[in-house]
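Q: Next come the chains, spelled out residue by residue.
There are 2 protein chains.
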Amino acid sequence: MPINSGEFYSDLASKMEASAIREILKLVQNPEVISLAGGMPDPATFPVEDIKKITQKVLDINSARALQYSSTEGLPELRKCILEHLAKDGNNGELENIIISSGSQQGLDLVGKTFLSPGDIAIVELPSYLAALNAFHSYGGVLVGVPMDEDGMRMDILEEKLIQLKNKGKKVKFIYTISNFQNPAGVTMSLARRKKIIEIAHKFNVFIVEDNPYEKLRFEGDPIPSIYSLEKNDSVISLGTFSKILCPGLRIAWILGNKEVIRKMAILKQATDLCTSILSQLIAYEYCQMGKIEENIKSNVKIYTRKRDAMISALEKHFPKEATWTNPKGGFFVVVTLPEYIDTGEMFKEAIAENVAYVPGAPFFADGKGQKTMRLSFCYPSEENIEEGIKRLGKVIKKRIKN
Amino acid sequence: MPINSGEFYSDLASKMEASAIREILKLVQNPEVISLAGGMPDPATFPVEDIKKITQKVLDINSARALQYSSTEGLPELRKCILEHLAKDGNNGELENIIISSGSQQGLDLVGKTFLSPGDIAIVELPSYLAALNAFHSYGGVLVGVPMDEDGMRMDILEEKLIQLKNKGKKVKFIYTISNFQNPAGVTMSLARRKKIIEIAHKFNVFIVEDNPYEKLRFEGDPIPSIYSLEKNDSVISLGTFSKILCPGLRIAWILGNKEVIRKMAILKQATDLCTSILSQLIAYEYCQMGKIEENIKSNVKIYTRKRDAMISALEKHFPKEATWTNPKGGFFVVVTLPEYIDTGEMFKEAIAENVAYVPGAPFFADGKGQKTMRLSFCYPSEENIEEGIKRLGKVIKKRIKN
Chain F
1 MPINSGEFYS
11 DLASKMEASA
21 IREILKLVQN
31 PEVISLAGGM
41 PDPATFPVED
51 IKKITQKVLD
61 INSARALQYS
71 STEGLPELRK
81 CILEHLAKDG
91 NNGELENIII
101 SSGSQQGLDL
111 VGKTFLSPGD
121 IAIVELPSYL
131 AALNAFHSYG
141 GVLVGVPMDE
151 DGMRMDILEE
161 KLIQLKNKGK
171 KVKFIYTISN
181 FQNPAGVTMS
191 LARRKKIIEI
201 AHKFNVFIVE
211 DNPYEKLRFE
221 GDPIPSIYSL
231 EKNDSVISLG
241 TFSKILCPGL
251 RIAWILGNKE
261 VIRKMAILKQ
271 ATDLCTSILS
281 QLIAYEYCQM
291 GKIEENIKSN
301 VKIYTRKRDA
311 MISALEKHFP
321 KEATWTNPKG
331 GFFVVVTLPE
341 YIDTGEMFKE
351 AIAENVAYVP
361 GAPFFADGKG
371 QKTMRLSFCY
381 PSEENIEEGI
391 KRLGKVIKKR
401 IKN
Chain D
1 MPINSGEFYS
11 DLASKMEASA
21 IREILKLVQN
31 PEVISLAGGM
41 PDPATFPVED
51 IKKITQKVLD
61 INSARALQYS
71 STEGLPELRK
81 CILEHLAKDG
91 NNGELENIII
101 SSGSQQGLDL
111 VGKTFLSPGD
121 IAIVELPSYL
131 AALNAFHSYG
141 GVLVGVPMDE
151 DGMRMDILEE
161 KLIQLKNKGK
171 KVKFIYTISN
181 FQNPAGVTMS
191 LARRKKIIEI
201 AHKFNVFIVE
211 DNPYEKLRFE
221 GDPIPSIYSL
231 EKNDSVISLG
241 TFSKILCPGL
251 RIAWILGNKE
261 VIRKMAILKQ
271 ATDLCTSILS
281 QLIAYEYCQM
291 GKIEENIKSN
301 VKIYTRKRDA
311 MISALEKHFP
321 KEATWTNPKG
331 GFFVVVTLPE
341 YIDTGEMFKE
351 AIAENVAYVP
361 GAPFFADGKG
371 QKTMRLSFCY
381 PSEENIEEGI
391 KRLGKVIKKR
401 IKN
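If you read the protein sequences in the order shown, they are chains F and D. Numbering-wise, this note's numbering puts 177 at position 177 of the first sequence, and it's gapless, one number per residue. Numbering-wise, this note's numbering puts 361 at position 361 of the second sequence, and it's gapless, one number per residue.
This is chain F alone, in the form it adopts within the complex (with noise of 0.2 Å):
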């Protein structure tokens, strides 16, 4: 009788299920499709040459090194030269404060697996970022969702969260903010609400994960300190990512935080993956060092700015009167609200029938709401497709509108 793998999952296991979005990828293969939907950088900000240089210098001099494994914490001048960039915006911290990661995910499946057992409370957005969701609900975190505004997370309801939970005697172990261009919602939190959560914070007793991957790709607008940087009580854990400032496909992302909390997270780090590439890691070493990741980040900026551009004339143009969109001042997303009785969920295949892809709001909000919602991205396509694609969703949204 052939083995039934399904009674042999852990209980964590059984409950996690595809993601929609991995779902809607694989339609998305075929090439008459505008994707709207991916998050992946345009690789005409990859600095290809520089790459291909380093590389082969890397491969020339160290090659013992670089094709070796290396120590879970990852390589000390790499996480010197980390230190060195984040302490211009008063980041500041010492190596055993950094650790490095395989990719963001990794810090945020390291947060999960560091702070949540079943049943342990995390504060996130409403909506939030998918992965990290996903990230969370696979240690059996439960999530209870904050709504934000054009300010980020609403202080206000956070505070009236924390009373509720603390009064049925519920820990709650950290609060989750993607403080700049947030994913899904492209919103940004003022400083107001960054030392308003850092207050909040210490009152109730709680980290706050703070996940900057998009804070370099600002259009416009003054940079705002992060929440780390204003913090001086060792109560937040910073991500930060090469993914949108180098290239994803060195997998190479960082943690900052609390020494003790560090530690931890290399212990466990240890048992997940022994270390990260030292080649991915000699690599983003060498370009961090060469200096030239302000002049990258500026190349990036003009592109992406463009890209927004191109989203917020479409959808301006093409989008009917019903629907409402944010207007990022950075990063990669806007999320468009429709009216209550269109489910974007329900829609999506009309949509794919007009080769045109987007990511429905549902699995953002960690409350199951969110079904008027879509997150579409500008980071990917040309900007010609943003308009051709926009074009075609605004077509599918009018058939639904209701006279």
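To be clear, the hints were calculated from the coordinates, so they are not data collected in a lab. No residue lacks a Cβ here, since even glycine has one placed at the ideal position from N, Cα and C. One or more hints might be untrue.
Stated by the list, open to error - Label-pair ranges, simulated between beta-carbon atoms:
1. D/G6 <-> F/M290: 34 to 44 Å
2. D/P76 <-> F/K15: 27 to 37 Å
3. F/Q29 <-> D/K349: 51 to 61 Å
4. D/E49 <-> F/E350: 50 to 60 Å
Unchecked claim - Cut-off 20 Å, straight-line C-alpha distance, at most; resulting in silico cross-link-like pairs (SDA-like, lysine to any residue):
5. F/K15 <-> D/G119
6. F/K53 <-> D/E49
7. F/K52 <-> D/I54
8. D/K259 <-> F/P2
With chain F held as given, fit chain D onto it using these hints.
A: Chain D only, in chain F's frame:
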């Protein structure tokens, strides 16, 4: 008041402590110390010139893809190429039977995450690979050890344990075995035992996880068909890796098994690290399809055979008659057994004082025994250093021998 991170850890994270090897390797930083501890391949086995050429080619032709995110399951062409190689030894599978992992350690992590809820039982060999035990512990797995002899895991004791556990109403999720040149013990499971373990697994309805990193590093004797190739009921999960036949720095390994399990693992991997570096995957793919793997394995086997011989003859020359050791026909490791009254954990500091390092055996034993054993590796140090290291270690041991 500063945050007290200890009170925030998950139940499982609280229990995860730095491994013995981790702490040991810190002591081994001193270049005076000859380390017989680590399991790093000899860099002389890395085909550096080929990797250089391949990497340049990949970045010349395919940079937009190589530096991008990729699918969680891994590149189809790499998976196909691996399947073709595996099929030569009767390890058959289709594309849905294989997933790329970020090193074999991620394979072990995914095995733990897929199958083990806290308290679930896995059977392991006594001794077994430390980092596998850690991965299983990190999900709360309860590990039941079965001793080995020179033919591998003792099938009579395995069956006995399974009967006992069944009688207690306990479900066993899988049997974990390193079938070839076991880490740390160096022994290989005989063909008769392989057939028997399949029979037992079927009888008791339990998965077998066959970890097989060293299979191709056979110094003498004929290859034995893998458990995966002998089993016809989809209940073997097989782990393989490029780390020992190409280089570990790419972090490219694979998991071969039951399509349902592989699909579940892909869902879990997505929450863990989204995808494995596509640059690394493309390098591994190009190398795989060049057809040079067999040739590289041959030259690696030559190198490691000489080193194994150097270690065995040094042991014969320098170790006291009270010590016994395995004489592995492949792989990286020798296990030495000393008289009962010697605790290799306690003796470790004396060895470091003599500038030689090894790994004390106890952490490899799921039953907490093995204090009188130690793991020695001949993979990384030069033949001269193997001889000198064993000489120093012999001196340390002789001081502890009671007359």
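Q: Okay, D/E49 versus F/E350 on CB: inside 50 to 60 Å?
A: holds (54 Å)
Q: Compare the distance between the alpha carbons of F/K53 and D/E49 with 20 Å, and conclude whether the hinted pair is satisfied.
A: holds (16 Å)
Q: Indicate whether the distance between the beta carbons of F/Q29 and D/K349 respects the range 51 to 61 Å.
A: Between F/Q29 and D/K349, where Cβ atoms are some 59 Å apart, the hint holds.
Q: Hint check: D/K259 vs F/P2, CA-CA at most 20 Å. Holds or violated?
A: holds (12 Å)
Q: Holds or violated: F/K15 and D/G119, Cα atoms, limit 20 Å.
A: holds (18 Å)
Q: F/K52 and D/I54 were given as a pair; does the straight-line alpha-carbon distance stay at or below 20 Å?
A: holds (12 Å)
Q: Starting from the range 27 to 37 Å, see whether the pair D/P76 and F/K15 falls in it by beta-carbon distance.
A: holds (28 Å)
Q: Could you check the hint for me, namely that D/G6 and F/M290 are 34 to 44 Å apart, CB to CB?
A: Once the Cβ atoms are compared, 40 Å apart, the range 34 to 44 Å for F/M290 and D/G6 holds.
The structure shown violates none of the earlier numbered hints.
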